[in-house]
Amino acid sequence: MKAVNLIPSEERRGRSAGVGRSGGAAYIVLGALGVLAVLVLLYGMARHQVSDRKGKLATITAQTQRAQEAATALTPYTSFVALREQRMQAVEAVVDSRFDWAHAFHELGRVLPRETSISSIDGTVGGAAATSTASAPAASSTTTAPTASATSATPPGSVPAMTLGGCASSQAEVALTLQRLRLMDGVSAVSLQSSAKSSASGAGGASSKGNCKANSPTFTVQITFEPLPTPAASSGSATKLTASTGGGQ
Amino acid sequence: MTTRDRLVLIGVMALALLAAVWLLLVSPERKTASKLSSEISTASAQLASAQGDQASAQAAQRRYSAAYSSVVSLGKAVPASEEVPSLMYQIAQATNARHVQFNSITTGGGASGASAGSASSTVAAAAASAGFSQMPFTFVFGGSFDDLYRLFRQLNAATVRTSSGGLQVSGRLLTLQGVKLEPAGTEGSSQLTGTITATAYVLPASQGLTAGATPTSPTTPGSATSASSTPASSTPSSSSAAPAPAATIGAVR
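Line by line, the protein sequences are chains G and S. The first sequence maps to residues 1 to 249 in the working numbering. The second sequence maps to residues 1001 to 1253 in the working numbering.
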């Protein structure tokens, strides 16, 4: 005799619980709807972001344009201030590249021995000394030294030099003079070109003018100073300019 | 069609629907949002730059008055034209104050002067193209050593650095390239003849003293741009404008 299962097929054991009559399709649909809802949410958020960012971008663009227009309108002021800075820096470069002859003369007077007198001074900046004096050290090599301020007639790197002609009471005094001249501020080298008794001044080549005694040696000395310094970069805006109408004391 | 087949079909359709929604709606919108975000970043940087430019320009506008005064004052040191009379007047005034005789002035580097003449003119010629125009002079003075020493100091002091690093302008900017002192001729006399080779400076002819600016407003954008666009080695300014009137000169920043 064959057994017959009288339990309805959808309630029999072995079928998955909760599947129901749809066979699980309802769950699939529900899941899909859930995911769809998430996607719609993401879409809405993205739309909102796009809208928000478009507005922000437009605002920023407008602000940028306004700022650029304002800056453009003030360009003449900017250019003029830049002009001022350039001119200030150029003047400073020239001022800084000058050699202080007054200070050199002051130093000369400070170190010169009492028994020595000077009859002539010939000072130059650059290669001039080299053309007149073959032994002038390094002067010619720096004549065209490339510098930051090519405007100056005495550009940084130029070598000031001074040729002294004079006489001393003795050759020992000439030697002392050479030593003392090395004490001058900014001197890099002191070289003797000639020293001869005044009776033989023609051979010595030195000037015999001045208060030289008959038998005193006349000498010619070349003093070479340190090269003119390269001006330090300065910010023109920070430089204070003072002008006066006076005679320039 | 079995139940399982129906389930598979429904699942596939659901997945297809979701994929379509993602690909056609959500993803493009998210990409647009992302692109806009990067555009906003770029625009923000541009805005910051523009605002910086604007702030600089506004600062320049606030400083204009002081800058104008500075430029005019600098015109006393480096005028727009040769201004030889004012230079002679300045030197004559200095020599009178120092009891020095102002014997002669020669333009062009001075062949009769100090031996610096030829070499310095070479240097000057090489340099002239880069910035200020140079005006070589040779001056001959007569006086004692002390008086000449003080005169040289005064000539330098017309335009000089202050101890605080600023610039003080009270007269023409001069560079002394060569100095020659020799006895004036009289035996036993303390009088010397001082020959100075010097260079004065003039603004390039293509520039004006103030580049067309007035005390109240700057130059037109076109000319201002051209003036300021010159290299730093060149310095501005000008041509026909007269040197700074004394009334406009004062302590300025």
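Hints were generated in silico from the structure; no laboratory data involved. Backbone N, C-alpha and C fix where the C-beta goes; we use that ideal spot for every residue, glycine too. Just to be clear, a hint being listed does not mean it is correct.
Have a look at the derived ranges for each label pair, beta carbon to beta carbon [as the list claims (entries may be wrong)]:
1) GLY1165(S) <-> ALA70(G): 26 to 36 Å
2) ALA1205(S) <-> LYS54(G): 50 to 60 Å
3) TYR1089(S) <-> LYS213(G): 36 to 46 Å
4) ALA1016(S) <-> ALA70(G): 25 to 35 Å
5) GLY186(G) <-> GLY1108(S): 38 to 48 Å
6) THR1162(S) <-> PRO113(G): 54 to 64 Å
7) SER1163(S) <-> GLY186(G): 14 to 24 Å
8) GLY1011(S) <-> ALA3(G): 33 to 43 Å
9) LYS54(G) <-> LEU1023(S): 14 to 24 Å
Away from chain G, derived, C-beta distances all over 10 Å, residues of chain S [stated by the list, open to error]:
10) GLU1029
11) SER1037
12) ALA1050
13) ASP1053
14) VAL1078
15) PRO1085
16) PHE1145
17) GLN1168
18) GLN1177
19) SER1217
Looking from chain G toward chain S, a few residues come up when the C-beta cut is under 8 Å (computed) [said to hold, decoys possible]:
20) GLY24
21) GLY34
22) LYS56
23) GLN68
24) TYR77
25) THR116
26) SER117
27) ILE121
28) GLY123
29) VAL190
30) SER194
31) ALA196
Hint check:
Range check, GLY1165(S) to ALA70(G): Cβ separation about 34 Å, and the 26 to 36 Å hint holds. A hinted range of 50 to 60 Å holds for the C-beta pair ALA1205(S) and LYS54(G), which are about 55 Å apart. Judged by the Cβ atoms, the range 36 to 46 Å given for TYR1089(S) and LYS213(G) holds: they are separated by roughly 44 Å. Evaluation of the 25 to 35 Å hint for ALA1016(S) and ALA70(G) yields a failure: the beta carbon distance comes to about 56 Å.
In this structure the supplied range 38 to 48 Å is violated for GLY186(G) paired with GLY1108(S), their Cβ-Cβ distance being about 30 Å. The beta-carbon spacing between THR1162(S) and PRO113(G), approximately 36 Å, falls outside the hinted interval of 54 to 64 Å. The hinted range of 14 to 24 Å is satisfied by SER1163(S) and GLY186(G), whose Cβ atoms lie roughly 19 Å apart. Take GLY1011(S) and ALA3(G): their Cβ atoms lie about 37 Å apart, and the range 33 to 43 Å holds.
The hinted range of 14 to 24 Å is satisfied by LYS54(G) and LEU1023(S), whose Cβ atoms lie roughly 23 Å apart. Not every C-beta of chain G lies more than 10 Å from that of GLU1029(S), the closest at about 4 Å, which undercuts listing it as non-interface. A beta-carbon of chain G comes within 10 Å of the beta-carbon of SER1037(S); the shortest separation is about 6 Å. Annotated as non-interface, ALA1050(S) brings its C-beta within 10 Å of a C-beta of chain G; the closest such distance is 4 Å.
With a minimum CB-CB distance of about 4 Å to chain G, ASP1053(S) fails to clear the 10 Å threshold, and the non-interface call is violated. Remark: the non-interface label on VAL1078(S) conflicts with the geometry, its nearest Cβ contact in chain G lying 6 Å away (cut-off 10 Å). Here PRO1085(S) stays apart from chain G, with its beta-carbon at least about 15 Å from theirs, past the 10 Å limit. Look at PHE1145(S): its CB is around 7 Å from the nearest CB on chain G, not clear of 10 Å, so calling it non-interface is violated.
GLN1168(S), annotated as away from the interface, has a beta carbon of chain G within 10 Å; the closest lies near 5 Å. With a least beta-carbon separation of about 5 Å from chain G, GLN1177(S) fails to lie farther than 10 Å from that chain, contradicting its non-interface assignment. Separation of SER1217(S) from chain G is inadequate, the least Cβ-Cβ distance of about 8 Å not exceeding the 10 Å criterion. Among the interface hints, the one on GLY24(G) holds; its C-beta lies about 6 Å from the nearest C-beta in chain S, closer than the 8 Å criterion.
Because the smallest distance between the Cβ of GLY34(G) and any Cβ of chain S comes to about 10 Å, over 8 Å, the interface hint for this residue is violated. The restraint placing LYS56(G) at the interface with chain S holds, with a minimum CB-CB distance near 6 Å, inside the 8 Å limit. Checking GLN68(G) against chain S by beta carbon gives a least distance of about 5 Å; that is within 8 Å, so the hint holds. With a cut of 8 Å, the hint placing TYR77(G) at the interface with chain S holds, because the nearest CB-to-CB distance is about 4 Å.
The criterion of a C-beta within 8 Å of any C-beta in chain S is not met by THR116(G), whose closest approach is roughly 14 Å, and the hint is violated. Interface hint at SER117(G): violated, since its Cβ lies 11 Å from the closest Cβ of chain S, which is beyond the 8 Å cut-off. A least Cβ separation of about 4 Å between ILE121(G) and chain S falls short of the 8 Å threshold, and the interface hint therefore holds. With its C-beta approaching chain S no nearer than about 4 Å, GLY123(G) sits inside the 8 Å limit, and its interface hint holds.
The interface hint given for VAL190(G) is violated, since its Cβ lies 18 Å from the closest Cβ of chain S, which is over the 8 Å cut-off. The beta carbon of SER194(G) comes no nearer than 17 Å to any beta carbon in chain S, farther than 8 Å, and the hint placing it at the interface is violated. Because the smallest distance between the Cβ of ALA196(G) and any Cβ of chain S comes to about 19 Å, over 8 Å, the interface hint for this residue is violated.
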